[in-house]
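A.B. asks: For the sequence shown, position 122 (counting from the first letter as 1) is numbered 109 according to this note's numbering, and the numbering increases by one without interruption.
Honestly, the hints are just simulated from the structure, not real lab data.
All values reported here derive from a predicted model rather than from experimental measurement.
For each residue, glycine too, the CB sits at the ideal point set by N, CA and C.
Accuracy of the hints is not assured; some may be wrong.
Said to hold, decoys possible - List time: in silico EDC-like cross-link candidates among lysine to aspartate or glutamate, alpha-carbon distance up to 20 Å: (1) LYS59 - GLU81; (2) LYS59 - GLU26; (3) LYS59 - ASP25; (4) LYS59 - ASP11; (5) LYS94 - GLU62; (6) LYS94 - ASP29; (7) LYS59 - GLU72; (8) LYS89 - ASP29; (9) LYS94 - GLU72.
What the hints assert, rightly or not - Label pairs and their calculated CB-CB ranges: (10) PHE87 - GLU34: 12 to 22 Å; (11) LYS89 - GLU40: 15 to 25 Å; (12) GLU75 - ILE28: 13 to 23 Å; (13) GLU55 - GLY31: 15 to 25 Å; (14) TYR90 - GLU63: 10 to 20 Å; (15) PRO48 - GLU75: 25 to 35 Å; (16) ALA78 - GLU34: 28 to 38 Å; (17) GLU75 - THR46: 30 to 40 Å; (18) VAL83 - GLU47: 18 to 28 Å; (19) ASP3 - GLU26: 15 to 25 Å; (20) VAL54 - GLU75: 11 to 21 Å.
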Amino acid sequence: MTYIVNENCIKCKYTDCVEVCPVDCFYEGENLLVIHPDECIDCGVCEPECPVEAILPDTEPGAEDWVEHNRKYAEEWPNITRMIEHSEDAASFEGVENKFEKYFSEKEITIEIIRTVYLEKKISPEDYDKVKLLGEKI
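My request is simple: use the sequences and hints to build the entire structure.
C.D. replies: Right, here's the structure in full:
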C-alpha cells in the first residue's frame, strides 16, 4: 500500500504534509503535490495533516488512477522536503469540484515561477537568492 495525493490538492497545495514526511517522498508541481508511490513507506503521518483531505491510501475507492498519476509526476517534478507558504487564494479553491479538468498543470515548479512568487512578495529575498544561486529547479 501507498498514499496518494488527489485533485483536492490542486490550487490549494498546503505543505503541512511535507513537513511531517519521514522519507521526503513529496514532489512539487506548479499547483499540486504528489507522492512517489515507490518511496512512500505507508506510515500515514501525512494524511491527517492535509486540511483539504487530498491524501488517501491507495486502497480507497477511486485512488487507483491517482497512483499512476502520482508516480508519473514524482518522476518529473522536483522533490520538496519542507513546508512552504501556500498561496493567498488557496482557501477559495477548497471543495471546488472537477479541479483536475479545470486547473491541473503539468508544469514543474521552476526558478521562473519562484521569481514570480518572489515579486509578489510571497518568499523572502534570502530564499530567492538561494534559488537563484542554485540555477536549477527546486
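A.B. asks: Against each hint, give a clear statement of whether it holds in the structure.
C.D. replies: So, going through the hints one by one against the coordinates:
{"no.": "1", "hint": "LYS59 - GLU81", "result": "violated (24 Å)"}
{"no.": "2", "hint": "LYS59 - GLU26", "result": "holds (13 Å)"}
{"no.": "3", "hint": "LYS59 - ASP25", "result": "holds (11 Å)"}
{"no.": "4", "hint": "LYS59 - ASP11", "result": "holds (17 Å)"}
{"no.": "5", "hint": "LYS94 - GLU62", "result": "holds (13 Å)"}
{"no.": "6", "hint": "LYS94 - ASP29", "result": "violated (27 Å)"}
{"no.": "7", "hint": "LYS59 - GLU72", "result": "violated (25 Å)"}
{"no.": "8", "hint": "LYS89 - ASP29", "result": "violated (30 Å)"}
{"no.": "9", "hint": "LYS94 - GLU72", "result": "holds (19 Å)"}
{"no.": "10", "hint": "PHE87 - GLU34: 12 to 22 Å", "result": "holds (20 Å)"}
{"no.": "11", "hint": "LYS89 - GLU40: 15 to 25 Å", "result": "holds (19 Å)"}
{"no.": "12", "hint": "GLU75 - ILE28: 13 to 23 Å", "result": "violated (33 Å)"}
{"no.": "13", "hint": "GLU55 - GLY31: 15 to 25 Å", "result": "holds (21 Å)"}
{"no.": "14", "hint": "TYR90 - GLU63: 10 to 20 Å", "result": "holds (18 Å)"}
{"no.": "15", "hint": "PRO48 - GLU75: 25 to 35 Å", "result": "holds (33 Å)"}
{"no.": "16", "hint": "ALA78 - GLU34: 28 to 38 Å", "result": "violated (20 Å)"}
{"no.": "17", "hint": "GLU75 - THR46: 30 to 40 Å", "result": "holds (35 Å)"}
{"no.": "18", "hint": "VAL83 - GLU47: 18 to 28 Å", "result": "holds (20 Å)"}
{"no.": "19", "hint": "ASP3 - GLU26: 15 to 25 Å", "result": "holds (19 Å)"}
{"no.": "20", "hint": "VAL54 - GLU75: 11 to 21 Å", "result": "violated (31 Å)"}
The structure shown violates the earlier hints numbered 1, 6, 7, 8, 12, 16, 20.
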